[in-house]
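Protein chains: 2
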Amino acid sequence: MRDSLRLWIVCGLLGASGWVSTAQPGPGLRSALEDYIGSHQREIVGELVDLVSIPNVVSDPENTQRNASYIRGMLRDHGFRAEVLETEINPLVYGELKVPNAKRTLLFYAHYDGHPVDPRRWKQANPFTAVLRDRRLEDGGKDISGFKQLKKFHPDARLYGRSVADNKAAIVALLTAIDALKAAGVALTSNVRVIIDGEQESSSLGLLRALPRYRDQLKADLMLLLDDPVHPSGRPTVIFGARGAVSMELTTYGPKFGVHSGHFGNWVPNPGIRLARLLASMKGDDGRVLINRFYDGVEPLHEEERTMLDAVPDDHANLMKLFGIAAPERPGLTLQQALQLPTFNIRGLSSAYTGPDARTIIPDIATASLDIRLVKETPLAETTEKVLAHIRAQGFEVVESDPSEAMRARSPRIVKVVKGGGSNAYRTSPLLPESRQVVAALERLFGERPVQIRTSGATFPVATVLIQEIGSPAISLPIVNFDNGQHSDSENLRLGHLFTGILSIAAVLTM
Amino acid sequence: MRDSLRLWIVCGLLGASGWVSTAQPGPGLRSALEDYIGSHQREIVGELVDLVSIPNVVSDPENTQRNASYIRGMLRDHGFRAEVLETEINPLVYGELKVPNAKRTLLFYAHYDGHPVDPRRWKQANPFTAVLRDRRLEDGGKDISGFKQLKKFHPDARLYGRSVADNKAAIVALLTAIDALKAAGVALTSNVRVIIDGEQESSSLGLLRALPRYRDQLKADLMLLLDDPVHPSGRPTVIFGARGAVSMELTTYGPKFGVHSGHFGNWVPNPGIRLARLLASMKGDDGRVLINRFYDGVEPLHEEERTMLDAVPDDHANLMKLFGIAAPERPGLTLQQALQLPTFNIRGLSSAYTGPDARTIIPDIATASLDIRLVKETPLAETTEKVLAHIRAQGFEVVESDPSEAMRARSPRIVKVVKGGGSNAYRTSPLLPESRQVVAALERLFGERPVQIRTSGATFPVATVLIQEIGSPAISLPIVNFDNGQHSDSENLRLGHLFTGILSIAAVLTM
Numbered sequence: 005m006r007d008s009l010r011l012w013i014v015c016g017l018l019g020a021s022g023w024v025s026t027a028q029p030g031p032g033l034r035s036a037l038e039d040y041i042g043s044h045q046r047e048i049v050g051e052l053v054d055l056v057s058i059p060n061v062v063s064d065p066e067n068t069q070r071n072a073s074y075i076r077g078m079l080r081d082h083g084f085r086a087e088v089l090e091t092e093i094n095p096l097v098y099g100e101l102k103v104p105n106a107k108r109t110l111l112f113y114a115h116y117d118g119h120p121v122d123p124r125r126w127k128q129a130n131p132f133t134a135v136l137r138d139r140r141l142e143d144g145g146k147d148i149s150g151f152k153q154l155k156k157f158h159p160d161a162r163l164y165g166r167s168v169a170d171n172k173a174a175i176v177a178l179l180t181a182i183d184a185l186k187a188a189g190v191a192l193t194s195n196v197r198v199i200i201d202g203e204q205e206s207s208s209l210g211l212l213r214a215l216p217r218y219r220d221q222l223k224a225d226l227m228l229l230l231d232d233p234v235h236p237s238g239r240p241t242v243i244f245g246a247r248g249a250v251s252m253e254l255t256t257y258g259p260k261f262g263v264h265s266g267h268f269g270n271w272v273p274n275p276g277i278r279l280a281r282l283l284a285s286m287k288g289d290d291g292r293v294l295i296n297r298f299y300d301g302v303e304p305l306h307e308e309e310r311t312m313l314d315a316v317p318d319d320h321a322n323l324m325k326l327f328g329i330a331a332p333e334r335p336g337l338t339l340q341q342a343l344q345l346p347t348f349n350i351r352g353l354s355s356a357y358t359g360p361d362a363r364t365i366i367p368d369i370a371t372a373s374l375d376i377r378l379v380k381e382t383p384l385a386e387t388t389e390k391v392l393a394h395i396r397a398q399g400f401e402v403v404e405s406d407p408s409e410a411m412r413a414r415s416p417r418i419v420k421v422v423k424g425g426g427s428n429a430y431r432t433s434p435l436l437p438e439s440r441q442v443v444a445a446l447e448r449l450f451g452e453r454p455v456q457i458r459t460s461g462a463t464f465p466v467a468t469v470l471i472q473e474i475g476s477p478a479i480s481l482p483i484v485n486f487d488n489g490q491h492s493d494s495e496n497l498r499l500g501h502l503f504t505g506i507l508s509i510a511a512v513l514t515m
Numbered sequence: 005m006r007d008s009l010r011l012w013i014v015c016g017l018l019g020a021s022g023w024v025s026t027a028q029p030g031p032g033l034r035s036a037l038e039d040y041i042g043s044h045q046r047e048i049v050g051e052l053v054d055l056v057s058i059p060n061v062v063s064d065p066e067n068t069q070r071n072a073s074y075i076r077g078m079l080r081d082h083g084f085r086a087e088v089l090e091t092e093i094n095p096l097v098y099g100e101l102k103v104p105n106a107k108r109t110l111l112f113y114a115h116y117d118g119h120p121v122d123p124r125r126w127k128q129a130n131p132f133t134a135v136l137r138d139r140r141l142e143d144g145g146k147d148i149s150g151f152k153q154l155k156k157f158h159p160d161a162r163l164y165g166r167s168v169a170d171n172k173a174a175i176v177a178l179l180t181a182i183d184a185l186k187a188a189g190v191a192l193t194s195n196v197r198v199i200i201d202g203e204q205e206s207s208s209l210g211l212l213r214a215l216p217r218y219r220d221q222l223k224a225d226l227m228l229l230l231d232d233p234v235h236p237s238g239r240p241t242v243i244f245g246a247r248g249a250v251s252m253e254l255t256t257y258g259p260k261f262g263v264h265s266g267h268f269g270n271w272v273p274n275p276g277i278r279l280a281r282l283l284a285s286m287k288g289d290d291g292r293v294l295i296n297r298f299y300d301g302v303e304p305l306h307e308e309e310r311t312m313l314d315a316v317p318d319d320h321a322n323l324m325k326l327f328g329i330a331a332p333e334r335p336g337l338t339l340q341q342a343l344q345l346p347t348f349n350i351r352g353l354s355s356a357y358t359g360p361d362a363r364t365i366i367p368d369i370a371t372a373s374l375d376i377r378l379v380k381e382t383p384l385a386e387t388t389e390k391v392l393a394h395i396r397a398q399g400f401e402v403v404e405s406d407p408s409e410a411m412r413a414r415s416p417r418i419v420k421v422v423k424g425g426g427s428n429a430y431r432t433s434p435l436l437p438e439s440r441q442v443v444a445a446l447e448r449l450f451g452e453r454p455v456q457i458r459t460s461g462a463t464f465p466v467a468t469v470l471i472q473e474i475g476s477p478a479i480s481l482p483i484v485n486f487d488n489g490q491h492s493d494s495e496n497l498r499l500g501h502l503f504t505g506i507l508s509i510a511a512v513l514t515m
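Residue numbers (this note's numbering), protein chains in the order written: chain A, 5 to 515; chain B, 5 to 515.
Please keep in mind that the hints were generated in silico from the structure rather than gathered at the bench. Honestly, I wouldn't trust all of these hints.
[Claimed, not checked] Here are the simulated DSBU-like pairs of lysine-lysine, each with C-alpha atoms no more than 30 angstroms apart in a straight line:
| id | chain 1 | residue 1 | chain 2 | residue 2 |
| --- | --- | --- | --- | --- |
| 1 | A | Lys127 | A | Lys146 |
| 2 | A | Lys423 | A | Lys390 |
| 3 | B | Lys260 | A | Lys325 |
| 4 | A | Lys420 | A | Lys390 |
| 5 | B | Lys260 | A | Lys423 |
| 6 | B | Lys380 | B | Lys420 |
| 7 | A | Lys107 | A | Lys186 |
| 8 | B | Lys325 | A | Lys420 |
| 9 | B | Lys420 | A | Lys325 |
| 10 | A | Lys146 | B | Lys423 |
| 11 | A | Lys260 | B | Lys423 |
[Unchecked claim] Here are some chain B residues pointing at chain A (derived, C-beta under 8 angstroms):
| id | residue |
| --- | --- |
| 12 | Tyr40 |
| 13 | Ser265 |
| 14 | Trp271 |
| 15 | Leu339 |
| 16 | Ala370 |
| 17 | Asp375 |
Every residue gets a Cβ at the ideal spot worked out from N, C-alpha and C, and that includes glycine.
Build out the structure end to end from the sequences listed, making use of the hints.
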């Protein structure tokens, strides 16, 4: 626990149960909050470094428990009623902070578990001992030794370590926002509930299975998800949805074993051309998916939504240069427009060998690994069925495991389809009152509209299920920098983003 | 040298320069030859085992020289004028045997080098110490110890070792055929020249470069190539041609590095679908190649050729069962008909990962490795140009190495084409007098027409160049069994094939 924190709690106990508002939302509040953050940087960074020091990979149950207990302690220290909620797998941490005359109840979602680490690949002694660098590693960032004693940090300085960004920063930001508002004498306008997931990196299975049991405890009017990065522009961002995804693998068949392409070429069928022709039937040169009714239900955007997409400051020219591409896959679509549609992505291909290992054979099989991104209007089960129907319509017999001798003898066109995991998309309408309130709160505090992302490209399966189970809308309120290297061996948090993220949360807590 | 051989040479020296014909072509000759072979099996097998015992991989120059010297000695022992011909790489062995009143000069081609070996993979102590098994290993073949002392061998017995089939058996068969004819008192009707290649398994480069120098020495009216297996039916076989081949690798481009398929799917182009659509444009569901003018020059078969193809006893039903296929790639074509046409084979595909390693990315590249089999009417250079023209006609820019940043920024559709090695097809018309003479000679001896293969599927690059440089037709007169496992760690020779092969050569030597 931080010393300043102890002091604050003592002061809190001495004060009345309601906070006195001395700063008003808008520039005045922002300046008061910035003063608080500016004079507490050592404590804020220190609290995150301490939290990161508890290893949090899912295969380490002892430290998983330590994380949960420690976070429960943090919540209590910040005035929450807090408890550890057990699940079939990793525990959750739950906290609740009631305020008088609350307009609503907000539920914040974050997670304490981290992606697995391979310590040998990290450029620091220990992924759980955070290192501060004066800028990005790729830009020649240098270690700042003894950084814990510093009182001020440059906003471009970056903390490196597992979960500094994904997602422990969110926990510290939320608690600091509450500290800062209290110090500024500004009352929270909502009751605050918080649920800290213990296995987001492995599908949140524990949380999802425990949801029916804890549903009432988690009830809220609006969910705020703290697990995304902000827009690359660095501007405060709200995200109203995320695509779903489903993976599948298609395998076509040639001979039972690779046969000599000279002795049998033209006579023994080649699985590669069958796969190529099947895939080619599924997507056109213009990037449009050709599977029947693939886009069914996707409606034209509301004018306000179109304006919102156009306002996202994506630097298309720079992205194209970064990726080395001359044109988007679907010519004429901006990135944001492209993200509103489901995709058909060939993520991998294999058949025998290419390169120096290539042999003059007709291969036995050819395989394509696909991932299909979904939007709210294209649910997983229906989309999977459309793909299967399309394959059958090309004259293939669809099987789920390698064909038997009898089937091989009978059917000249066989495709094995192995369905992988998947999750549905979610989207909260940006036109809802709650959505407008969040956007307005950020606009008031920062003096400009936040970047509004109607649908983010990546999946967020737990969001979809939370919305379904708790029955309230969800909006993502990200904090960390876009280039945080999440899941990699260079995970990092730009401190300027952390400080700004605290402001964003404070704005929402006072809306 | 074999004792019987010594004896034979002594007898030969005592005899006159011309041989006296005591047996006539046809059943009488066959029976005389079979008597000779039947009573010399130990010597024939022994001579092959001794020859195989000299290691013959191309990376072993000392043993390569030993092979050449040893074979020169064998040729001399059998009455040839013989010499080692140096090349830039491995030496050749040349032999010549003149006969009075020769109708023509025949040039036999064989090779003494073998495919590389990995001794650990062999089911015998040493790939160069031949082992005799009572049947195929796959059928439970058991070692016959002390087999060198046997006088008689079952025709189904198989000798296992490197080059027992490919191609040292041919050398022994040729020399034994001459022995057998001499013993039967039947005169050779042709002068015999023989050239034994020292690096057939690595493109015969030494021979091909040395050809201009030795052209006159190798001059002949007809070349007989001893380096193929006979038809799977086991019947005596003549082969009039072989397909050529050219390999190439096509690579399409997505982003410079794999990018998240959620964040950028629909916007960053996918290289896999570009490759699939390109490949699909090249070959139809009916197996017909769609590249413009791909089949140009391929004329309908002469009626006699059609009859010849139909007479090949291919067991289509059995092959389809073996390969587990329900229909040929080009429905309605027999295997022999399919072999008369050029092919387009996708021998390998790769792009990022499939299976458990698959990741949700848009891959950077997708690659197809192709091999295209050629026939005499579709030469290598022209065919390659047609493929390139087709790719360009699909709107792709063709490059030979990975595109520069500038090209990526300019061109949305790029294909890298890396051309591999290749060789032209050859074919001697089955309607030529020389072709008819060979077929008639075999028919006379065996009492039935041999299997006539108009075009064999595999390549035989050296044949094409020999025909071109020496200017005479070439016919392949195979000896060894089809399932000889050439190049593999189970290379084997069925002894019945060796004994019959001696008869085939004898037939041609007396035509």
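For a quick check of understanding: which of the numbered hints are violated here, in increasing order? 10, 12
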